[in-house]
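Enquirer: Sequence:
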Amino acid sequence: MRQSKLRAVAAMATRWLLLLCLALAQAATAATDDDTGGFISIDCGFPGTTSYVDDATTLSYAPDAAFITDAAAGENYNVSAAHVTPELARIYRDVRSFADGARNCYTLRSLSVGLKYLLRASFMYGDYDGLNRPPVFDLYIGVNLWKTVNTSSEPPDGRVVAEAIVVVPDDFVQVCLVNTGSGTPFISGLELRPLKSSIYPQVNATQGLVLLARRNFGPTDSTDIVRYPHDPYDRIWIPIIDVTDWTVISTIETVENEYKDLFEAPSKVMQTAITPRDTANSINLHWDSKLQSKGPSLGYIPVFHFSDVLQGGGLRQFNININDKLWYQDYTPKHLYSGYIFGTNPYTNQIQYNVSIVKTATSMLPPIINAAEVFTVISTTNVGTDSEDVSAMMAIKAKYQVKKNWMGDPCVAETFRWDGLTCSYAISSPPKITGVNMSFSGLNGDISSAFANLKAVQSLDLSHNNLTGSIPSALSQLPSLTTLDLTGNQLSGSIPPGLLKKIQDGSLNLIYADNPNLCTNEDSCQTTKGNKSKLAIYVAVPMALVVVALTVLLCCLLLRRNKRGSVDVSMKPRDKTSMSLAPIAGDEHRRSSLQLENRRFTYEDLEMMTNNFQRVIGRGGFGYVYEGFLEDGTQVAVKMRSQSSNQGAKEFLTEAQILTRIHHKNLVSMIGYCKDGVYMALVYEYMSEGSLQEHIAGKHLTWGQRLRIALESAQGLEYLHKGCNPPLIHRDVKTSNILLNAKLEAKVADFGLSKALDRDIYTHASTNRLVGTPGYVDPEYHATMQPTTKSDVYSFGVVLLELVTGRLPILHDPPQPTSVIQWTRQHLARGDIEGVVDASMGGNHDVNSVWKAAEVALQCTEQASAQRPAMTDVVAQLLECLDLEKGRTGGDASRSFFSDGESGDTTTNAHVAANQSTDMSQSSAFEMVPMMATGPATR
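The sequence shown runs -27 to -1, 1 to 912 under mature numbering (1 follows the signal peptide of the UniProt record, and there is no 0).
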């Protein structure tokens, strides 16, 4: 009896244990089903720090401040109230807008290296800025172009959704918005979803997929959008309906994915399908190819999903034709199991793609299709900066709270390279950082240990900051370091032995002047006797070398001076002193306020590259400009400062300093500089076609060319005003300072008179003297002595009038001199536009385009600056002028500045609530894109 009770208790315990295990297993399964580990969901522009839960998906969306590379970048805006409806998803109700900087980035961290991820960026303009001017801009994944976002082709409440699947090479990924000069970039939302490595096999380290369309066939409700939690990867499946041609078939039973399914279409999508209403007919779909304005031609990869949701009735078998050519033969879908046919290689060079799904001769049932996806192919072969260098620079940026243009990848692309960095670009390896110039950057605290992780750095300039503490001994482990400049800080302690050894063997030039607490010799260092003797040896050797070098240098200079008979005798020999361990007096010119990352030339270099200043190609207030050639044959312009120039060292330093930190396609680039004693020069890219002033005088520019030059010049000025921090005022905008290259592309030049806006109020620049050129000077600036960005707008308006009229800023026609502004106003007041237009164009222009351009110029030259437009508005209006002229010439007025009228991805309603309809789903045409050249794969 007792044993029987024991057995009963044991049996009961066993049952309870089994129930407990079952409960735990169910809990684990539920946790897995609800698990969104790795999901990142960001509502861009959402204020505060508190997340919210999206009603439709139950996913949590976070504000974006923590994900922006520079937390101060961009501003939050709400879309216009006129575009907010109860059905509008929360993610679209606000945006972050990036008016400043050419590139702004989000950084998504804690990723798995080499894993596939789905990235989705959402945009709804919604007239958030009240300008009713939707922009066009570029979107990048890391350093690879994702797509051009064209919101200008959408209505203000239209949405563009960009979705890509890529392999992430690092433990983070950056999504960057790049200003291309066609409006201010903005973003509504950003999402990241991890994928299994086995699905979407077309994606690899060198190739990604960008979604063109993802369609679910069969739902009867156009608002029945399928995404998470029905799709564990949160793909968005948009319903497509055509009750005229299609019959819907469906099931409530689960449709299974087979083992190692390559796409894992969700059961809810696969439970519905379509078949032709007339069973003798085929299913016909089509899509058009899209043009690409940049990068390689688009290629397309499709994925078609099939499952027979009906049981019995005979054989269902069909062929798939693309553009009337057999693509796949005798496909038989399985009952309640997902199958698919997909492209393996991108299909290209087709204008339109027509797909027909046709039953075979032996098939008893008509064809079906459940869902389809089509992708464009993007290259991901561009390699970012070495990951260790990136991590080091990120740590340095965070430590010192750097507010420069340090956004995105440090070295790639070269156009966006971080200010103060130089990089090496080898074909077989990622770019590496070879130079860091953070001079005059307001650095506080100790020297970051992260500098020691820049293994390829050759030059490190941390001069003129407020750095404290000791010099890290780890810097001596940098194998390539040849120059270390620590001048003008508050460093203390002694110089590490490792650096002293490098100085002794001649591999390192250490510059450390003006660090009063730094121990450098026996009198200042409290060390042991042995250490004192070692330090004395290390210091004495380079000092002896300096004495010898100076002696040799003096002899060479004397010899050279006697030989140089053809050079201006007013130029004195340069005062060039090399720096060693001990500070050398008289070298303060080298440690000026320059923060130059470009190449520094000696006077001998200039003599060599200009063939002893043989050919003069220009002259200005600074001095002569000479033709030159670098060692690799690159043609350059060498602007030498004359000793008699009214523009002195201050203007030279201003121009050099500005040109090292501005990078824009419509601003002349500086290749290098020379400040060698009394010799000062700037070396620029060569602009073969000279100045705009020469071309206007030459009377050989068409109206289309003039408009393009005006637009490009305006874009350069817009960058100075909006893309620089603080904004810059050029102060000398005129036709002679707009240069043209061989393609007649315009670039603004001559920044010697530029001025930064007041950092506190950003409205005007402090100045105590009037600068500029008569005829171009803003009258308000002339009266107040305080230039603003509107001063540049005024000067540009004069330039634009010169392009329209072909006349100089000041006309000396009788009875008395007058300005081209007043002359134009008088003619337009009489409606005499043809009397205004430069007669040399022979009437070959669109009259509305010319009239609008003249009106824009007169707006720019209003007496009161408050009545003048900003350069951003000028750019937009010139684009409209260009469109008018292109309409007359059939699009040949100038080259294209942005992509064609792309409407964005067809997933435009991805975030609508459950009861919102979508126009896209009503289309009977399945608008996607082309397939593979080598044929499909199947399961």
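I should point out that these hints are in silico values taken from the structure, not numbers from a laboratory.
Quantities reported herein were computed from a predicted structural model and do not represent experimental measurements.
You may find that some hints are simply not true.
Claimed, not checked - Think about it this way: if two alpha-carbon atoms lie no more than 35 Å apart in a straight line, the pair counts; the simulated DSBU-like pairs of lysine-lysine are: (1) Lys372 x Lys405; (2) Lys377 x Lys169; (3) Lys241 x Lys405; (4) Lys233 x Lys263; (5) Lys638 x Lys672; (6) Lys405 x Lys376; (7) Lys298 x Lys428; (8) Lys298 x Lys372; (9) Lys716 x Lys405; (10) Lys372 x Lys307; (11) Lys716 x Lys638; (12) Lys428 x Lys263; (13) Lys672 x Lys825; (14) Lys372 x Lys263; (15) Lys307 x Lys233; (16) Lys263 x Lys370; (17) Lys241 x Lys263; (18) Lys298 x Lys263; (19) Lys370 x Lys474; (20) Lys169 x Lys263; (21) Lys474 x Lys405; (22) Lys638 x Lys859; (23) Lys428 x Lys474; (24) Lys377 x Lys307; (25) Lys376 x Lys169; (26) Lys638 x Lys370; (27) Lys716 x Lys859; (28) Lys859 x Lys825; (29) Lys474 x Lys372; (30) Lys263 x Lys859; (31) Lys716 x Lys672; (32) Lys372 x Lys638; (33) Lys474 x Lys169; (34) Lys263 x Lys825; (35) Lys377 x Lys405; (36) Lys428 x Lys405; (37) Lys672 x Lys377.
Enquirer: Would the pair Lys263 and Lys370 pass a check requiring their Cα atoms to be no farther apart than 35 Å?
Expert: The hint is violated at about 40 Å.
Enquirer: Verify the proposed pairing of Lys474 with Lys372, using a straight-line Cα cut of 35 Å.
Expert: 29 Å, holds
Enquirer: Can the restraint linking Lys859 and Lys825 be considered satisfied, given a maximum Cα separation of 35 Å?
Expert: 14 Å, holds
Enquirer: Is the Cα-Cα distance between Lys241 and Lys263 35 Å or less?
Expert: Judged against 35 Å, a Cα distance of about 31 Å means the pair holds.
Enquirer: Within 35 Å, alpha carbon to alpha carbon, are Lys716 and Lys405?
Expert: 32 Å, holds
Enquirer: Can the restraint linking Lys428 and Lys263 be considered satisfied, given a maximum Cα separation of 35 Å?
Expert: With Cα atoms ~44 Å apart, Lys428 and Lys263 exceed 35 Å; violated.
Enquirer: Below or equal to 35 Å on CA atoms is what counts here, so check Lys241 against Lys405.
Expert: Given that 35 Å is the threshold and the Cα spacing comes to 49 Å, the pair is violated.
Enquirer: So if I understand the rule, the pair passes when the alpha-carbon distance is 35 Å or less; does Lys672 with Lys825 pass?
Expert: 21 Å, holds
Enquirer: Check whether the Cα positions of Lys372 and Lys307 lie no farther apart than 35 Å.
Expert: 59 Å, violated
Enquirer: Run the distance test for Lys638 versus Lys370: straight-line Cα separation, threshold 35 Å.
Expert: 26 Å, holds
Enquirer: Would the hint linking Lys233 and Lys263 be met if the CA-CA limit is 35 Å?
Expert: 33 Å, holds
Enquirer: Within 35 Å, alpha carbon to alpha carbon, are Lys405 and Lys376?
Expert: 22 Å, holds
Going down the numbered hints, you'll see the structure goes against 2, 3, 7, 8, 10, 12, 14, 16, 24, 25, 33 and 37, while the others check out.
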